[in-house]
Amino acid sequence: MAVREQPADSPSMDGTADRILLSPPDVGPLEESYLLRALRSGWVAPVGPEVEAFEREVAARVGRSHAVALSSGTAGLHLALIALGTRPGDAVVVPTLTFVATANAVVYTGAEPVLVDCDPESGNLDPALLERTLDELRRAGRRVAAVLPVDMFGSCADYDRILPICAAAGVPVIEDAAEALGAVRDGRPAASFGQAAVLSFNGNKIITTSGGGMLVSDDHDLVAHCRYLSTQARQPVRHYEHTDTGYNYRLSNLLAALGRAQLRRLDGMLARRRAHRERYAKLFAATPGVRLLGSGDIGANCWLTSIVVDRAAAGWQAAELARHMDAHEIETRPIWKPMHLQPVFASARTVLSGAAERLFASGLTLPSGSAMTDQQLDRVAATIADFLDRR
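In this text, residue positions in the sequence shown follow the numbering used here: the first is 1093, and each later residue adds one.
Please keep in mind that the hints were generated in silico from the structure rather than gathered at the bench.
There may be inaccurate statements among the hints.
[What the hints assert, rightly or not] The following label-pair restraints were derived from C-beta to C-beta distances: (1) S1157 / P1380: 46 to 54 Å; (2) R1179 / P1328: 25 to 33 Å; (3) R1179 / R1253: 45 to 53 Å.
Note that the Cβ used here is the ideal one computed from N, Cα and C, for glycine as well.
Whenever a hint applies, use it, and build me the whole structure from the sequences.
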C-alpha cells in the first residue's frame, strides 16, 4: 500500500483539513535524535553498530535467537527460500490473499507459487485447504520447498493447525510476518513461528525504517547463510572473491538507527492502533451486515482495520463508502486483490473456495495509522456516521 507524505504547505496544522492517509509513517523527535547520532558517528554504509543492535533488539522482541537486517521484507522472503533449498521447478504454497511480494519472492527462485484460499473470518491461509493442497502436490510427485503463511493485516495465521500439517508433510514453514510485528497468538509473538520468519519496516508498517526488513530464525546456520548472501556473497578475504551469486540486500546503519527509535515506541503505537479499531467497532456495532475482519483475534496488532460488508443485509456496498470517504479527503483501500486474479499469476496453480474473492469484493480498509490524531479520527468517524445516516 503506497504511502505519501503530507505536503509541507498544508493549510491545517492540526490535520483536520488535510487528506487523511491509511497508515503514514509515525516519526518524531526520538527518531531524529537517533538518526543524527548515527550520522555523526561516521557509520553510514550498510554495516555498523546500529545494524547489529537493531538485529539483537528485534530478535529479542519476537523471541528468536538470530536476525539479519535487510533492505526489505521481500528480500528476507527471497533469502529464506534460498537458504531452505528452494530451486527451479519446486512448488511453494502461498496464500492467494496477500500482497504481491509474497508470491514474487517465490518466482525469484524459479519455483512455482501455488495459490491457496483463505479462511473467510480472518483472511489468513485456510488450514484445511493447505492440507488438501499438500496432499495433492505429493500425489502429483511435486517437491514442495516451503509454505509461506501470511499474518494478514497483523493477525497471526492459525499456526496451531498449520505447523503440524506442514511437519507431517515434511515441508518447512516461512512465516510472512511483514504486517504483524507486535501481534501475539497463544502467548507467542508474531515472527516466532516456522523455520524462519520475515518482518517488514516499509513506510506504512507498524514501525518503519523508511524501507527495510528483518529475517529472524533460531537456526544460526540459516541466518549466517542469509547474511552472507545479502552482502553480495563476498568471501572473507582482502580482495573481492565470490563463489556464489549474492544480493545487495543489507540495511544501512542510518536506517537501522531509525528502526531502533521506532522499536522503543512500538508499544505506544500498538495501543493507538488498537484504540482506533475499538472506535470503529463501536461505530459499526449497530449496523447490520458489517463486521470487522479478524475481530475475534485479541492478539492482533491492528496494523490495518478492515470492514467486510454484506450488501444484502447492509443495503450498501463497500465501494460506496469508499467513494464517500474519498470525496471527504479520507483514504481507504480494498482488501488485497487475490493473487489468482492478478494477470501476472493467471496461470498459477490454485486451490480456491471463493473466500478471497468475496473479501476483495466486500472489504474496505480504513485509516489505521498510529500517527492519526484524535481530531482526524473524529473526522473519519463523523464522515462514516454521515454515510450511515444517509442509508
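Quiz item: Which of the listed hints are not met by the structure?
Solution: 3
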